[in-house]
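**Q** Residues per chain, in single letters:
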Amino acid sequence: MNSGSSQSRLRSIASTLAVALTLVLAAAAGCDSREEPDLPSVQEKMRETHIYGQSKLRIGVATNEPLMGELRNGQHIGFDVEIARYVAASLGYEGEQRLEFVSVATEDRIPSLQGGTVDLVVSSFSMTEDRKQLVSFAGPYFVTTQEVMVPVRLKDKIRTIEDLRDPAYKVCTSGGSTTEAELEKHQVKTFVVKDVGDCVDGIRKGRYDAVSSDESILAGFLASFPKEFEIVDMPFGTSELLGIGVPIGDPALRDLVAFFLQKSYEQGRDGDASPWQTAYNRTLGPWLKAEKRQPQPLEVPKLVDFDDKAPAK
Amino acid sequence: MPVAEPAEPVVAEVEPGRVRWDPAERRARASQSFWTAVVGVPAIFSVLRLGVEAGGELQTTLLLVANVGPVNLLAGFLTTAARLLSTGLVAVFALGAVLAVSADRLPPGTRRRPLFARWADITPAWVVLASFLLALITWPLLYLPLLLPAFVAAFQLRPARLHERVMPRLLLIGALLAGYGWLMLPTMRDAMRQGDEWLVLALIVVPPLLALFVAGPLPGMVIRPLASVTEVAVLATLIWAAVPVITTPVLPLTVTTVGPESGPTEDVRGHVVTTDDVNMVILQERGGVRYVPVGLVRAQVLCPSEEELPRHQLRIHDFHVEDSLLEGMGRRVRPVHRIDAACRTPA
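So the sequence lines, in the order shown, correspond to chains Z and C. Under the working numbering, the first sequence has 55 at position 55, and the numbering climbs by one with no breaks. Just add 1000 to the spot in the second sequence (first one is 1) and you have the working numbering.
Just so you know, these hints were derived from the structure itself, not from any lab. It is possible that part of the hints are untrue.
Unchecked claim - Cβ-Cβ distance ranges computed for the label pairs, FRET-style:
1. C:TRP1182 <-> Z:GLU96: 27 to 35 Å
2. Z:ARG72 <-> C:VAL1336: 28 to 36 Å
3. Z:ARG282 <-> C:ILE1239: 54 to 62 Å
4. C:ARG1338 <-> Z:PRO251: 21 to 29 Å
5. Z:ALA312 <-> C:ALA1236: 36 to 44 Å
6. C:VAL1336 <-> Z:GLY30: 27 to 35 Å
7. C:ARG1165 <-> Z:ASP32: 54 to 62 Å
8. C:LEU1078 <-> Z:ASP32: 45 to 53 Å
Glycine is no exception: its CB is placed at the ideal position from the N, C-alpha and C atoms.
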């Protein structure tokens, strides 16, 4: 009898505790439901960027790199341009009226970001440690290698880096590019011009004998003059990570661009048609020797967005 | 306010010392008050919401009143208030049942049973069950475990009712907990990995264990204080939680691109009140009404609001923890969620 009553007392104490704890948990849940998210949201990041409230987004692109960034009949086309359009639309700038493409030469990419004449640069911009001191990068959105393109008449004569060192051949490249530095490292004397397009023009006019640049850029010129040129596979050994250039003073914008590249990357990884894949198939895809995939962007921040609750599968 | 429907019968209960009510008459009165509350409370809330939505402006409120149909208003209210309503009812019925079963332990000389206990006594079981069902489909999944102890308390399902012998009873409880664990394990692992999700872990792990003991009865000395504290707490919570319900917009948020055929455009962020042959009337997000000639409307997109952003990055078998069962199922029907570019532009 005594044990029965002590058992019942024990049970009533347990009940009291259970009721109290349930109420405490419910109160905590109620408070939690009114909290702000811990992670920053895309919208918050947007408010931190220098483009917030701007009516137009200015993006620096190349206008003379076929397949990558080209101005044809007043229309900007190419892989870089399509990536730029995707990023702009994700940032809230959709349609020609809200986008301004600014033609930026290879050597002007960094100054134009520093000087504020463009908000972003999407123009075969290799992410290098040196450049990271001057501008921020989101990406990579493309991985390419350095190659050499020669006119068909020289395709049997220029086969190695050694051949390039031969003073008989004039090697051309664009100023301020990673290729220029790489060729210098291999002691190849180069003629430096403004854009790769100028090199190609020069070769066609007989001024130069070879042009070196990213495979993606050269593929564009090969697509324009398929009978006149050939790309020679040379072991330069460095891979070029192309990224989107952002002013160094705007980390929020860099984070957002990286976040949207990651979104596309995840879509592609899940086997859906990602914006990247669409851009690639429409431009570079048919002209590159090996099939490429979107590389995983680096340093992607965790952000909260409206579609976070959508089912993953 | 939303729990007002059982309020009337209590008035009847307060007075039995003076007037003897016929039980049938009392029930009739209770049912009458119940339906009055069911219709009246949402109506009052909806009108309050219109006032808030209009930004406190009389003319804007009148514009909304003229254009928002009562059915839309009621439906809009129910979609946002169902969660609050079910929370209030579940809290009252669970606490009421526990207090009712403990009431015979009240210190001698106490005249009245606690308020919630009386409410629980006179409420038909189907109303209680319906409240729990409403909670089940409208509460965020993360808070659903709390429904377990509440359900056990409201229906007084002590472990003893599972089986009369101890061993099978323990086995049954073990099996139930194991099933629950299997359902929740991946989510708990994710929560552990994320590090700072202690509340989520507690909300998942603790309630099923509490459910084993929560049914009562309570010791006599805690009944009175518990009853008073919870009455105040439930009332305060309802008022506190009613604020977001009143401030939730009645009309959907859109961004309308306005401009002549070839010329600069402007994005107007706001709620479309009505559209006729001449104008589209937009209640702007930051205040003020814009009459946009329909010829100038170039595009219009539906936008999510920032209150919908999730706070946790956790899922239970691909259902987001902050979605209710209804929302989660809805997302399965329309899995792709596109955010239009125009929604990112500032207000």
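**Q** Now tell me, hint by hint, if it's right for this structure.
**A** Hint check:
1. C:TRP1182 <-> Z:GLU96: 27 to 35 Å: For Z:GLU96 against C:TRP1182, whose Cβ atoms are near 54 Å apart, the range 27 to 35 Å is violated.
2. Z:ARG72 <-> C:VAL1336: 28 to 36 Å: holds, 33 Å
3. Z:ARG282 <-> C:ILE1239: 54 to 62 Å: holds, 58 Å
4. C:ARG1338 <-> Z:PRO251: 21 to 29 Å: At roughly 27 Å between Cβ atoms, Z:PRO251 and C:ARG1338 fall inside 21 to 29 Å, so the hint holds.
5. Z:ALA312 <-> C:ALA1236: 36 to 44 Å: Hint holds: Cβ distance 39 Å, inside 36 to 44 Å.
6. C:VAL1336 <-> Z:GLY30: 27 to 35 Å: For Z:GLY30 against C:VAL1336, whose Cβ atoms are near 32 Å apart, the range 27 to 35 Å holds.
7. C:ARG1165 <-> Z:ASP32: 54 to 62 Å: violated, 41 Å
8. C:LEU1078 <-> Z:ASP32: 45 to 53 Å: 24 Å Cβ-Cβ, so the 45 to 53 Å window is violated.
Of the numbered hints stated above, those contradicted by the structure are hints 1, 7, 8, listed in ascending order.
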